[in-house]
Structures are given as C-alpha cells and as structure tokens.
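Student: Produce the entire structure from the sequences given, and follow the hints as far as they go.
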Amino acid sequence: AQSVTQPDIHITVSEGASLELRCNYSYGATPYLFWYVQSPGQGLQLLLKYFSGDTLVQGIKGFEAEFKRSQSSFNLRKPSVHWSDAAEYFCAVVKQAGTALIFGKGTTLSVSS
Amino acid sequence: GAGVSQSPSNKVTEKGKDVELRCDPISGHTALYWYRQSLGQGLEFLIYFQGNSAPDKSGLPSDRFSAERTGGSVSTLTIQRTQQEDSAVYLCASSLQVRGEQFFGPGTRLTVL
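Which chain is which? The protein sequence lines are G and P, in order. Under my numbering, read the first sequence as residues 1 to 113, first letter to last. Under my numbering, read the second sequence as residues 114 to 226, first letter to last.
If you are wondering where the hints come from, they were derived from the structure by calculation, not from laboratory data. Here a beta-carbon is modelled for each residue, glycine too, at the ideal position from N, C-alpha and C. Among these hints, one or two may not hold up.
[Said to hold, decoys possible] With a straight-line Cα cutoff of 27 Å, these simulated DSS-like cross-link-like pairs (lysine-lysine) come out:
| no. | chain 1 | residue 1 | chain 2 | residue 2 |
| --- | --- | --- | --- | --- |
| 1 | G | 49 | G | 61 |
| 2 | G | 105 | G | 68 |
| 3 | P | 170 | P | 130 |
| 4 | G | 105 | G | 95 |
| 5 | P | 128 | P | 170 |
| 6 | P | 170 | G | 105 |
| 7 | P | 170 | G | 95 |
| 8 | G | 49 | G | 105 |
| 9 | G | 95 | G | 49 |
| 10 | G | 61 | G | 105 |
| 11 | G | 105 | P | 124 |
| 12 | P | 124 | G | 49 |
[As the list claims (entries may be wrong)] Where chain P lies over chain G, by a calculated footprint (3+ residues, C-beta under 8 Å):
| no. | region |
| --- | --- |
| 13 | 36-49 |
| 14 | 102-111 |
[What the hints assert, rightly or not] One side only, chain G facing chain P, incomplete, derived with CB under 7 Å:
| no. | residue |
| --- | --- |
| 15 | 32 |
| 16 | 57 |
| 17 | 98 |
| 18 | 99 |
Tutor: Shown next as structure tokens:
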C-alpha cells in the first residue's frame, strides 16, 4: 500500500543553522509530492511541490526539496532556519489511483535561540 | 480572493448527537476534499468531490459519516450519532485541477463529550 514516512517526530535546530527534514514514500509510479507546513492553530500551507522535471524544487520561505527516485525520498531543506519556522511539517503524496493526498505523520520543528 | 472557509470553527457536542460541518471552497475550484486530523491517526483522507459527485469515498470511517456537495460549491460533512473517537479537526481543501495543489481551510475542531 502507498505510504509516506517521516522518520523524525521532533527536531530541534538552532536559529541560523541548516535544516533537513526527511520524507520517504512508497509509490508505484512517478509520484506527485508535496510539503506542507502547519503553524499552531493555523491551517496547512503549501511550501512546495514536485510533479516532474527538475528534481530540485524551490518553494516559499526559502525552502527547497530534492526528489531522489533511487532513494524514494523527498527531503525538505533550508540553509538557515528562523524562529518563525517553528511549526509542524507534513510530507504528502497523491494517491496513485485517485487524487487525494496521503500524508506522513509529520515532523515538529522547534527552533532554539 | 477569499480562501477556503469552514464553519463552525469549533463544535462541541454530546455523544449520540448529529453534527454538520460546512466547507466553502475557493470559487471556481471543482475538486473538494475532506480530511481529518487527530492526534493518534495524523491526517487522514475522508472523501473527494469532483463537481457534485464523489468518485472517492474510500476514507469515510463508517456509515455514520456522509457528505454532499451542491451546485459544485459548498460541501457539508455530516456525522450521525457522534462518538468520542470522532473528536478531531476536520479539514476541507479545494483544488482547481485534478491532482493539483490543494488549498486548505482552517478546519473545524469537533469535540464529542
């Protein structure tokens, strides 16, 4: 069955340090992949998406992600984290036989000063 | 350019009562999705509408859950005979294209006492 795995439940990063959030997926074909962010009490906001083409995609707020088919991964990165990046981050893939999203369990990011 | 709106923002009900949750998608978006977010289960897909029809209802957890969409716009999710395990945040999303970016509403927090 399709699934999305985010191995890290909680990560703490110092402000100004780099960030990488891991995402692995299981999928039978070329996946449509997304990263969403959810701040406390807020809805989900799309950071970036991958459909095809260049495997390094740029998103909002200085985030980027790299699709690696050989590793079934779509890791999210940011070179320098800001305190306002503290939130929960979700990786998602579109269902193979449908259009709905399958989400990972999320990674909570804390930023220390 | 209003986003996806949901009402009510919070709903507290007693076990056994019926509840209706409403979603107003972004104007012109033909695809509409309902998801549920709970502590134990994370983000789960419930149902997908394309126009007024629901080609994918595979995520509805029981026959107590139903949804409809009228006029290709507003959707209502109904939960009959609510149970405590129905307590969650119910999220609605809409998209312009099939498999396109989904825009999420702020959610309805349902608490079943």
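Student: Hint by hint, say whether it matches the structure.
Tutor: Consistency of the hints with the structure:
1. G:49 <-> G:61: It holds: about 14 Å lies between the C-alpha atoms, which stays within 27 Å.
2. G:105 <-> G:68: Since the Cα atoms of residue 105 of chain G and residue 68 of chain G sit roughly 20 Å apart, the hinted pair holds (cutoff 27 Å).
3. P:170 <-> P:130: holds (23 Å)
4. G:105 <-> G:95: holds (16 Å)
5. P:128 <-> P:170: Distance ~24 Å between residue 128 of chain P and residue 170 of chain P Cα, so the pair holds.
6. P:170 <-> G:105: holds (22 Å)
7. P:170 <-> G:95: holds (13 Å)
8. G:49 <-> G:105: holds (18 Å)
9. G:95 <-> G:49: Holds: residue 95 of chain G and residue 49 of chain G sit about 15 Å apart, inside 27 Å.
10. G:61 <-> G:105: Holds, at roughly 22 Å.
11. G:105 <-> P:124: Holds. Residue 105 of chain G to residue 124 of chain P sits at ~25 Å (cutoff 27 Å).
12. P:124 <-> G:49: Given pair residue 124 of chain P, residue 49 of chain G is violated - Cα atoms ~33 Å apart, limit 27 Å.
13. 36-49: Three-residue rule met by the region 36-49 of chain G, so holds; n is 7.
14. 102-111: It holds, with 5 qualifying residues against the three required.
15. 32: holds (6 Å)
16. 57: Check failed: Cβ of residue 57 of chain G comes no nearer than 13 Å to chain P, outside 7 Å.
17. 98: holds (5 Å)
18. 99: Holds, because the Cβ-Cβ distance from residue 99 of chain G to chain P comes to roughly 5 Å (cut-off 7 Å).
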